[in-house]
Structure formats: C-alpha cells, structure tokens
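Asks: Protein chains in written order, with the numbering used here: chain A, -17 to 103; chain W, -17 to 103.
No lab work stands behind these hints, which were simulated from the structure alone. Because the structure is a prediction, the values reported are computed rather than measured. Glycine is no exception: its CB is placed at the ideal position from the N, C-alpha and C atoms. Please note that the accuracy of each hint is not assured.
[Stated by the list, open to error] Okay, derived cross-link-like pairs now, SDA-like style, lysine to any residue, Cα gap no bigger than 25 Å in a straight line:
(1) W/Lys40 - A/Asp96
(2) W/Lys101 - A/Gln44
(3) A/Lys101 - W/Gly41
(4) W/Lys101 - A/Gln54
(5) W/Lys101 - A/Pro74
(6) W/Lys101 - W/Leu88
(7) W/Lys101 - A/Gly41
(8) W/Lys101 - A/Gln67
[Said to hold, decoys possible] Covered stretches of chain A (chain W as the covering partner; in silico rule of three or more C-beta atoms under 8 Å from a C-beta of chain W):
(9) 35 to 42
(10) 65 to 78
Protein chains: 2
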Amino acid sequence: MKAIILFGHGARDSRWREPFDRLASLWQEQHASTPVELAFLEMMQPSLEEAVTALAAKGATQITIVPVFFGQGGHLRNDFPVLLQACQEKFPAVSLSATLAVGEDLGVLQAIIDFGSQKIS
Amino acid sequence: MKAIILFGHGARDSRWREPFDRLASLWQEQHASTPVELAFLEMMQPSLEEAVTALAAKGATQITIVPVFFGQGGHLRNDFPVLLQACQEKFPAVSLSATLAVGEDLGVLQAIIDFGSQKIS
C-alpha cells in the first residue's frame, strides 16, 4: 500500500502547523485510499521516524515523502537525507522515497503568484 | 504606483533562494507594470527595509508585502509586524500593507496536494 508523508520544518508556535493540518485533511479528502501523515524536522511532533512507524503499522509498503519547504537549503540537503537513511534502515521492508521540495514545483509557485495578484488588484 | 515584496525567511545556503528568484521572475513576467522585490527576514539580503527603499526609489506609493511562509508562527506574528512598523515610520509617504502567509491560501495548499498526487501515482 502506498502512503505519503508531508514533511515540514516545525516551529515553536503551535499555530504554525495549521496549514499543515489543513494539507493533511485535504490530502485525505481527495485520496481516501492513500494514508497521510505529517512529520516535522524539529520543534514539532511527530518526527519522520514516528510518521514512518505509524504508516508501516497501517500496512504501508511504499511511502513518498514530500518536503513542504520552499527552498532546498541545508535542512533538505544535509539533515533530511540522514533522517531518511536512518528510517530506511529501520524499516527495510518499506520503500521510502522523497520528492523535491514543493517550492521547486512551478504549479506551487504559480499559486503563490496568483495569491499575490488577488491581493494587489 | 503599486509594488509587491515577496518576503521569505532566508537561509545560510544560497541555493535556498532559487524558488524565490523564480517567483520574482514569474511575477515580473506576468505583471510587468508592478515592480517586485524579494526581501528576507534573516541570513539573506535584501532586508525588508532595503526592499522598501528600492521600490520607493522607483516611485512605489503602495507596497503589498506577501509573506512567503507556510505557517504563521513567531516570525510572522512577532518579528514581522515590528519590521513592518519600522519601515512604515521610515517611509511615511508609502502605504505598506501585508497579506496573510501564502500557506493560508487554499489555492497554494491545493497546488501542494496536486504536486504530491503527481509524485505518488
């Protein structure tokens, strides 16, 4: 079974995660048969390992991790691959893969432009 | 004249800003008569004040600042209003306003979901 993890940075202020909760709800509404978990790099729970554990317990065998970051800086280039590798070693029966950061996607960038356009007109 | 500032967090790794440079280019292609500047909270230049200065020098009188953040945590709730107020005091003839973070927009969230959908299928 396929599953998805939406992986964010995390922040001290719990209200920061509201869009992430909304993303997970949207995903589940639109992809009822593909379980989703959030995961955070720091300051918020669950961790990437906790999210993989939860999805593996539900029977996930292929998990795609989508970094919900704009840019690919040190967190995604250095910290994230180490975490991903550790999770893969802990769950050898689950195939883990990661996409580029969502900020690399032209559709996401265009949606940001469209948001700005609505606000300025 | 209206203008827009796309305001991001900033990061140590210069490659982190690539999507922001792409956003500014997209904006300028699609809104040739509305100047755009990037600005960063920390670790990258220009600052918000430098961006306002540049746009005011081009004749901007109404500047909309779009926080290119997912969540509204401490940076947007605490740090950003202080910066915005300081800029407003420095440029009383320019009207500064700010939108919510782009992560509050359903269109942006849907674009992230669509990106994930493409990657998982």
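Asks: Please go over all the hints and tell whether each is borne out by the structure.
Replies: Taking the hints in turn, this is what the structure says about them:
Taking the CA atoms of W/Lys40 and A/Asp96, the gap is about 24 Å. The hint holds against a cut of 25 Å. In summary, the hint linking W/Lys101 to A/Gln44 is supported, as the alpha carbons are separated by about 12 Å, within the 25 Å threshold. For the suggested pair A/Lys101 and W/Gly41, the alpha carbons sit about 20 Å apart, so the restraint of at most 25 Å is met. Distance hint between W/Lys101 and A/Gln54 is fulfilled; the C-alpha atoms sit about 18 Å from each other, no more than 25 Å.
The hinted pair formed by W/Lys101 and A/Pro74 meets the criterion: a straight-line CA distance of about 21 Å does not exceed 25 Å. Between W/Lys101 and W/Leu88, the direct Cα distance comes to roughly 20 Å. Compliance with the 25 Å bound is thereby established for this hinted pair. A threshold of 25 Å between alpha carbons decides the hint, and for W/Lys101 with A/Gly41 the separation of about 20 Å falls inside it, so the pair holds. Straight-line distance between C-alpha atoms of W/Lys101 and A/Gln67 comes to about 20 Å, which keeps the hinted pair within the 25 Å bound.
Counting residues of the segment 35 to 42 of chain A whose C-beta lies closer than 8 Å to any C-beta of chain W gives 0; at least three are required, and the coverage claim is violated. With 0 residues carrying a beta carbon less than 8 Å from a beta carbon of chain W, the segment 65 to 78 of chain A misses the three-residue requirement, and the given coverage is violated.
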